[in-house]
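K.L.:
Throw the hints in and build the complete structure from the sequences for me.
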Amino acid sequence: MNGAALKNLSRAEGLLLLAVALAALVFQLWLPSTHVAEADYQAMAQVLAAERQPGDVVLLAPWWTERARIYVPEGLMVVGYQGSDADPLEKYPRIWVLSQPHQPRSGIGAFEAAFNPSRTAVGPARTFGNLTLQLFTNGRHHPLAIDAADALATAQVYLETPDGNRQPCQWTGTGHRCPNGKVVAKEWHEVHFAPYQCLKLEAPGGATRVVVDFTAPAADFSALEAGYIWEYGAYKDGVTPSSVWFEVNGQAQVMELPTGSEVMHRLTGPALPEGAHVRLALASQNPNARIVCVVMTGTRNAR
Amino acid sequence: MTDRKIAWALFFAAFFALLMTEQPVGFGRDESVYFHAAESHARWFQLLVTSPSQAFKDEAITQAFDFNHEHPALMKNLFGISYVVFHEKLNVLRPAAAMRLPAFLFAAWMLPLIFGLTRRLFGQPASIFAALSFLLVPRQFFHSHLAAFDVPIATMWVLTIYCFVEALEKPRWWIYTGLAFGLALAAKHNAYFIVVTLVPFILWRGWQLTKASPEARALFFGINGVFVFGAALYGLMVAVLGGPKLLATFEFQSPQLALYVVTCAVGAWLTWKLKAVNVEAFRTIAPLVSMAILGPTVFYLHWPYLWHHPVDRTAWYLSFHLTHNHYTWFYLGELLRAPPFPWMYVINKTALTVPVSLFVPMVLGFAWVSWRAVKRQLTGFEFIVAANAVMSIALISHPNVPHFGGVKHWFPSMPFLSLLAAGSLERGAAGLAGWLGPKFKAATEPRVLVALAVLLGAPAFIATARVYEFGTSAYSEVAGGLPGAASLGMQRQYWANNLSGVLEWLNKNSHPGERIYFHENHGGQIRDLQANGMLRKDVQPVGGPDQAETVVYQYHQEFRETEFNTWQALGTMRPVFGLYLDETPQIIVYRRAK
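Chains as they are written, first to last, in this note's numbering: chain G, 1 to 303; chain Z, 1 to 594.
By construction, these hints were calculated from the structure, which means they are not laboratory data. Where is the CB? At the ideal position from N, CA and C, for every residue including glycine. There's no promise every hint is true.
According to the in silico footprint, chain Z covers these stretches of chain G (three or more CB under 8 Å from chain Z) [unchecked claim]:
1) 58–70
2) 77–90
If you want a taste of the chain Z side facing chain G, the calculated C-beta under 10 Å gives, among others [what the hints assert, rightly or not]:
3) Pro-171
4) Phe-359
5) Arg-427
6) Gly-428
7) Pro-459
8) Ala-460
9) Arg-492
Lysine to aspartate or glutamate pairs mimicking EDC-like chemistry, simulated, CA-CA at most 20 Å apart [what the hints assert, rightly or not]:
10) G:Lys-7 / Z:Glu-445
11) G:Lys-186 / Z:Glu-561
12) G:Lys-236 / Z:Glu-334
13) G:Lys-182 / Z:Asp-546
14) Z:Lys-273 / Z:Glu-251
15) G:Lys-186 / Z:Asp-546
16) Z:Lys-594 / G:Glu-74
17) G:Lys-236 / Z:Glu-558
P.N.:
Pasting the structure below:
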């Protein structure tokens, strides 16, 4: 390389360094301006308190902006987890999207691409400093007819051997304690980063199943989702796959939860006639780490 | 100003900067373990003074050094002695600061070492920039505060290379190289890989220097042959006896130890003979022989735990690190739980955590030496710098090597990348000055260089000043800072030291005797926070959300289950307080619903 070329290269290197330094400096000076003032959170909370309706939900964008949980009025569900942009939120007729579009890599475009279909904005967006609040109607809404977790108090829960022998589990006021010491309860758990308030079932081991047996009201749709909680799905050694049964009026579907799978698995069930007899069950040869979060819902068409 | 004065100025500036900024830095999970171990070591040193015959007994040594024997003792010895002197005896520092003082010294020592190495290639201003840039990386500044080993091993690594480079030109430095390598071994196990960066250069240079002299060439072959033969015999012993039997019979009077002694003795004798034949070749090879002899010697002597059981305890120590657990780690939206890990993890993580105004000159500097290598213009020194810049990064990049710990495991690469960045700064400043000079008289090359250095350092300084005490959470401009990293799906934090960000609130708002579940904090951390006056002593740590009135949750994707268990146990999904850095949740405080 000759002297002139080296000179040009050095100049280019210098200009590149200068540009990078200035860009980085601008970024560092700008970053604090993306913060949300306490007063802005309070103002947002006042609007929510005044305009909320039963069954509303707050969805965060970006999903990790969970500081808002401190300020959102008590009793109003806040949803924000990795992947929540695409959550159908079908239980909720109205969604308040609380966004911070000025955050670096806020990904608001990607959020809108996942969120907007079937949602309709209601009124103008409100801004509170760096917070934006926009109400939407949820076109993916299906009114809930039944959530199995809510039916637990009136359900029968038992351990069932392959020959049909049943050992009942006792209702304790918060859950059903089974003869093997495990408790079937409605609890908050994580499956692949997302929170679910679900039926927690623990496989008894061998061919024995833990069964939740209840009567459901009529519903146009039914579905069952199930997944291993926390890190148990990632286990590959010392564990066995699990089987989850979804039985409506004697018609059973079985879904396998393989080892090494951390996600929620879904099974679509039939429409439920009034007074449908529903049985949900779980079994796994080796009970180690086979704690499963089961969400079974019956929903109706939105009017 | 002379280089020596600048080196001292850098050292003192770094030392006092660390000392003055120490207090807000919380205690990491491992640091509290080291505090405990260090105190135990200190008690042994006190016993050594008061009752030497008792102290040398195996029982006394085991009692003092058994805890945390997965790491060698050098730093813990220093932490412990410093604690006794500066806290217990003189009472001039709080316990944690007294423990950390040796860590500040080691971190501060890094700057003159970088400066000295950089001066071999570049001018004073660029060398100062290289040295300071080590502490301008937020994560490095954070780790420099800790009574831990990651920065000390990086310093000892650079010291060894520094001594080696000096040894090529000056007498006696081959001894210092061996001693420095011994200190590196005594700091942390990464030290073994220093040899890998030097051997190719030593063999190549030794070969070149002995070309003209058959006698020197014969000695060169002889020295290498002795060590290769020794290694082959060890291999044979393993093949014949098997590893466990070889270790079980490795005693003071055993063929195994005799082989090591004979190999080193013959190697040293041949090396000494080489001195008379070819001094330059001697200066090239002697440091390596010195490392082979003095390294294990210093390692053995510094660690009383090895004195009565040198082989089995060293074997356990090595085996522990060869079979280390893999901790779950969040990376680009996925939880990495077990190997194989992504090849690009280390490079990506470096790009996402080192301030871009320092990272770009590092990349350009490395590109420069790579280009010189292609053109066959690379000097021996540049080769050594490049090899050391790459070594730790390449090692951790291997898909089967544990990937947790953010960037700290490849800190030894960073000083050499800083050195290369200085070259980029100097070339860039020269280019800009050549362009601007004719237009603006004031734009002389030295002025442009200083201005450019200040501009490059300023964003890194701002980032460091803003988040250094929560250093494991820091992300660069390339990531988009902490918010950008959260969107990218990067590990939010580790080591649980960010708890310090909510202590003031807890101290103010907890009722007397409040039962608090400190998620991810072990009892040692809570003990140390209370001992250092950072957490009220009346609060009661409990083992889980079910028993707690208050839960202090550390935001990790791999622990979301704990947060949802907290909702369940406390009957609320609404936090009452938290540490939110640039809006990203780090520590979240929940209280039981009334």
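K.L.:
Next, verify each hint and record whether it holds.
P.N.:
Comparing the hints with the structure gives:
Only residues whose beta carbon comes within less than 8 Å of a beta carbon in chain Z count, and the region 58–70 of chain G has 7; three or more means the coverage holds. Under the rule that three or more residues need a Cβ within less than 8 Å of chain Z, the assignment of the region 77–90 of chain G holds, with 4 such residues. Contact between Z:Pro-171 and chain G, as hinted, is not supported at the beta carbon level, the nearest pair being about 38 Å apart and thus beyond 10 Å. Because the closest C-beta pair between Z:Phe-359 and chain G is about 9 Å apart, less than 10 Å, the hint holds.
Restraint check, Z:Arg-427 versus chain G: the minimum CB separation of about 5 Å is within 10 Å; hint holds. Hint on Z:Gly-428 holds. Least Cβ distance to chain G is approximately 3 Å, under the 10 Å limit. The restraint placing Z:Pro-459 at the interface with chain G holds, with a minimum CB-CB distance near 4 Å, inside the 10 Å limit. Interface hint status for Z:Ala-460: upheld, as the beta-carbon distance to the closest one in chain G is roughly 8 Å, under 10 Å.
This hint holds: Z:Arg-492 has a C-beta 9 Å from the nearest C-beta of chain G, less than the 10 Å allowed. A C-alpha spacing of about 13 Å is found between G:Lys-7 and Z:Glu-445, which places the hinted pair at or below 20 Å, so the restraint holds. At roughly 15 Å between alpha-carbon atoms, G:Lys-186 and Z:Glu-561 fall within 20 Å of each other, so this suggested pair holds. Note on G:Lys-236 and Z:Glu-334: the hinted pairing holds, with a Cα-Cα distance of about 17 Å set against a maximum of 20 Å.
Restraint check for G:Lys-182 and Z:Asp-546: satisfied, since their Cα atoms lie roughly 17 Å apart, inside the 20 Å limit. The straight-line distance between the Cα atoms of Z:Lys-273 and Z:Glu-251 is roughly 31 Å, outside the 20 Å bound, and the hint therefore fails. For the proposed pair G:Lys-186 and Z:Asp-546, the alpha carbon gap of about 15 Å is at most 20 Å, so the pair holds. Of the pairs offered as hints, the one joining Z:Lys-594 and G:Glu-74 holds, with about 13 Å between alpha carbons and a cut-off of 20 Å not exceeded.
A distance of roughly 17 Å separates the Cα atoms of G:Lys-236 and Z:Glu-558; the hinted pair therefore holds under the 20 Å criterion.
Going through the hint list in order, the structure does not satisfy hints 3 and 14.
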